[in-house]
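Below are the chains, spelled out letter by letter.
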Amino acid sequence: MRRLANEIDLAELVALFGGELAGRQPVRIRRLASLASAQADDLSFLSAARHRSAATRTQAGAVVVSRDLLDALPPGVGAIVVENPYAHFARIARWFEARASQRSNRVGIHPTATVSSEAKLGARVFVGAHAVVSADAIIGDDVMIEAQCFIGDGAQIGAGTRLHPAVRVLDDCTLGERCIVHSGTVIGSDGFGFAQDQGHWEKIPQLGAVRIGNDVEIGANCTIDRGALDDTEIDDGCKLDNLIQIAHNVRIGKHSALAGCVGVAGSAVIGSRCMIGGGAGILGHLQICDDVVVSAMSLVTRSIRKPGFYTGVFPMMPNAGWERAAATVRQLPGLRDRVRALEQAMRNAETGSNLGPDEPDSGE
Amino acid sequence: MRRLANEIDLAELVALFGGELAGRQPVRIRRLASLASAQADDLSFLSAARHRSAATRTQAGAVVVSRDLLDALPPGVGAIVVENPYAHFARIARWFEARASQRSNRVGIHPTATVSSEAKLGARVFVGAHAVVSADAIIGDDVMIEAQCFIGDGAQIGAGTRLHPAVRVLDDCTLGERCIVHSGTVIGSDGFGFAQDQGHWEKIPQLGAVRIGNDVEIGANCTIDRGALDDTEIDDGCKLDNLIQIAHNVRIGKHSALAGCVGVAGSAVIGSRCMIGGGAGILGHLQICDDVVVSAMSLVTRSIRKPGFYTGVFPMMPNAGWERAAATVRQLPGLRDRVRALEQAMRNAETGSNLGPDEPDSGE
Amino acid sequence: MRRLANEIDLAELVALFGGELAGRQPVRIRRLASLASAQADDLSFLSAARHRSAATRTQAGAVVVSRDLLDALPPGVGAIVVENPYAHFARIARWFEARASQRSNRVGIHPTATVSSEAKLGARVFVGAHAVVSADAIIGDDVMIEAQCFIGDGAQIGAGTRLHPAVRVLDDCTLGERCIVHSGTVIGSDGFGFAQDQGHWEKIPQLGAVRIGNDVEIGANCTIDRGALDDTEIDDGCKLDNLIQIAHNVRIGKHSALAGCVGVAGSAVIGSRCMIGGGAGILGHLQICDDVVVSAMSLVTRSIRKPGFYTGVFPMMPNAGWERAAATVRQLPGLRDRVRALEQAMRNAETGSNLGPDEPDSGE
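Residue numbers (the numbering used here), protein chains in the order written: chain A, -19 to 344; chain B, -19 to 344; chain C, -19 to 344.
The set of hints was computed from the structure by calculation and includes no laboratory data. As the structure is a prediction and not an experimental result, all values here were calculated from the model. Hints are not guaranteed to be accurate.
No copy is singled out in the list; a pair is fine if it fits within one copy or between any two copies.
Stated by the list, open to error - Simulated crosslink set (SDA-like; lysine to any residue; CA at most 25 Å straight-line):
(1) K183 / R231
(2) K183 / G(-1)
(3) K100 / I160
(4) K183 / E213
(5) K183 / D151
(6) K100 / H90
(7) K183 / E(-13)
(8) K183 / I160
(9) K100 / N85
(10) K234 / S252
(11) K183 / S27
Hey, can you work out the whole structure from these sequences and the hints?
Below, the structure is given as structure tokens:
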């Protein structure tokens, strides 16, 4: 990252963000950095005991740290002692980001942008080069629409939301306040709706829209389809990583997080505070309750009604071993039947009888 | 969706699209909506017995329905009785869409578009803001090239095709008539072709193109690579969802449908009327015959020569159970051998002999 | 592909690229084509014995071939005999590509491009229509930035690199020399970093960048996230296919190749000369050593410290068989316990004792 033009004293950061000073003072900071790469004018953080050894070797000028890990820091390092070092560092980092980059403070409409006279723009809006804002769009205060974005007819962007370059928000879709959307993401493409009719596919027009709450962040090159009739909905505080596909009429509850490459099929409903691992899939027309964690690359094939941690992925192994294991997987039902037959034979041998009752399979 | 400026009588919709009036008359319609959200001036549809209970509670003014489900509607609801309610509703919905949205009727070249004087444009073409149409491109009648699209040198777009904002059709690629392509999709990126040469990768130029038939729809942020020498081909009537990867020299037959996040590797051939589930993968240089259905997130590793329904995905379970199941999967070949040994021991015990023939494993 | 305006003699190609003439002479070439589609003025290649039968039927004017397969060619076909026909053909193909297409030789700034006066541009740079080059960007000699690309503040593009239409290289990211990036790819989107704080997600600003080496090729619609504090790094000679997700702080060694739809989670480290199959996933904070091959759609869940070929994917089967196999997979731990019990019972029966020691499971 870039260094600040003017350094700041550690004590000033404590005055701004709280925490308690410890270790060497004064320390003057010009950059944030990881424990491993930090130098004398850098501030770093230590958030977990497993990074203790990296901390003992750090060359950072100062470290944000919890009280119980303070002893891990080498002598001569300054410290800000707080309860949640990661969240505290996050707040400091946002302040640094705003100082180091000019880009977050831009205002005005670039001369090459195409903004409809029928769009309504709030105060302090930025519209970048070659961006398009269509008729009847409503843009809130302090919105940043970066270069090459496209805002469709009647779309609404809430106050303080930032669209990175080349985001597309298509007709009638709505984003709440303080959202962030990364480059290449498409909000409001048609849902995948076709009726089979005499050997070909008849398109079902997708007449709903997409409605996104406040404080939602969506990564790069995602696709969020508009609903068929009702809207696709993503509730407040959700965080989506890159290359995620959200199909029509999906609903996602508050503060859920989806990692990269997840696909959610049509009309699936995901609860609040769920965490979906990278590359996982969720079939359509099912429900996932609140507080569910799904492992990476697992496929949810039926509704989940109990909070918990769910997985379904074939374990990785050296390929030769996999070849044998995969061949046996195909034979599994036969193998189970053979074990059952052996059990019966064993019982018969023990009792000397051929008439013992068949014991049911465990787990069936 | 938006309401029509002027309402339409149910009887007029029957005059336009067929079907038989039933239930309360007259009903005046201004919008289409789902059974659950419809109000008094909305038209909805009931296409399957499993939605019967939603139908009994609907507040819709009228419903498109098949004769055998007509009794599910509450009294005082109008009805259009048809054989295939879903396909019928689709046709009505397209008519509504054209009325409710201005965007489908636009014509002309936006002043900020860059259209080569060496491109050939048909009648009633629309080219949106900041779009590029390159030299030697041939654009058919009634084509809509929305804002920020890019049409490469020598590309051809058939009559009536619509490219949503920010679609890229690169040099020499061809789309048929009445196609729809959604935002962010790239048609004609280089195939992934490299020859290994003395420890590094030597690029194989990708000199083929992409050829897409008529009535094909392609979702958002897909990538369709150009062929290495011959073309990549997608035949008439195919429907592709979002975030799909089609590698070089793939061929897909007529009316096949691929759900979101599918990846098809190089030179794979997919037959007609296939349906590939979301997130499924298809390895390269293999054939899938007509009328094959592949489940979501399954990997096709060899050719499929028999129509049918194929699956390969690890079942999802609570994570603790998965840990145990996955550990056992690694031991499966050993477990199979142990069952075989038990069977042999049992036979020996029963016959009193150690010399019985080894029985072959079932399924091998 | 397009034919050359002027044909070239086979002997001239040998003079330019080496190899030995054989078969019919002279042959005049205007195009490159596959063995199956080649015609009399086309050059093709034969690189492996499995294509021998296609070679015997080819109508090509000439074929690049190794000495041991020369006899597969029909009489009357010209030949260039070389050691590595595929790599040799690749070099000839690049020469053809440069001749057949005008697009590789363009220079200059399109009048609709937006280039900051504070950007530094090398010699013979091309900037296409509606592209943006921001302040403090440094663009090397012979760089092609095609239409609708976006280059952020302080980004650096090395000499000879080509960005296809609509590539985004965001602030402070760096590409080396002779790279190729395909349409729709985003380099430098924010990593997915959030701290959980009192029931909601606190954004961690992503202050690192992306650093890409020389001779790297990246496919279409990929996303490469910037690092949280340090940079995300892709080393020289790597080849990435389409729709690939690289999370923050990932590091990939030299000459590794990733097929389409791969997802790599945060802080994973991939060695040199690795090959990752399409749709595979790699979890975060793990290491993969050099020379590892991962099969398509397999998930790497822990570090791999030994070169080799690794797989983890459920085998595909007809759906009815899968239903049975999947049900048995859930019962596997129980099945294993039952086999163990049978073995114990068998030992007891053989020894007449109930006190034999429990034999440990093989493979545990």
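Outcome of the hint check:
no.: 1; hint: K183 / R231; verdict: both (23 Å within a copy, 23 Å between copies)
no.: 2; hint: K183 / G(-1); verdict: between (59 Å within a copy, 19 Å between copies)
no.: 3; hint: K100 / I160; verdict: within (20 Å within a copy, 30 Å between copies)
no.: 4; hint: K183 / E213; verdict: both (22 Å within a copy, 22 Å between copies)
no.: 5; hint: K183 / D151; verdict: within (19 Å within a copy, 29 Å between copies)
no.: 6; hint: K100 / H90; verdict: both (16 Å within a copy, 21 Å between copies)
no.: 7; hint: K183 / E(-13); verdict: between (60 Å within a copy, 24 Å between copies)
no.: 8; hint: K183 / I160; verdict: between (32 Å within a copy, 10 Å between copies)
no.: 9; hint: K100 / N85; verdict: both (21 Å within a copy, 23 Å between copies)
no.: 10; hint: K234 / S252; verdict: within (5 Å within a copy, 41 Å between copies)
no.: 11; hint: K183 / S27; verdict: between (52 Å within a copy, 15 Å between copies)
The structure shown violates none of the earlier numbered hints.
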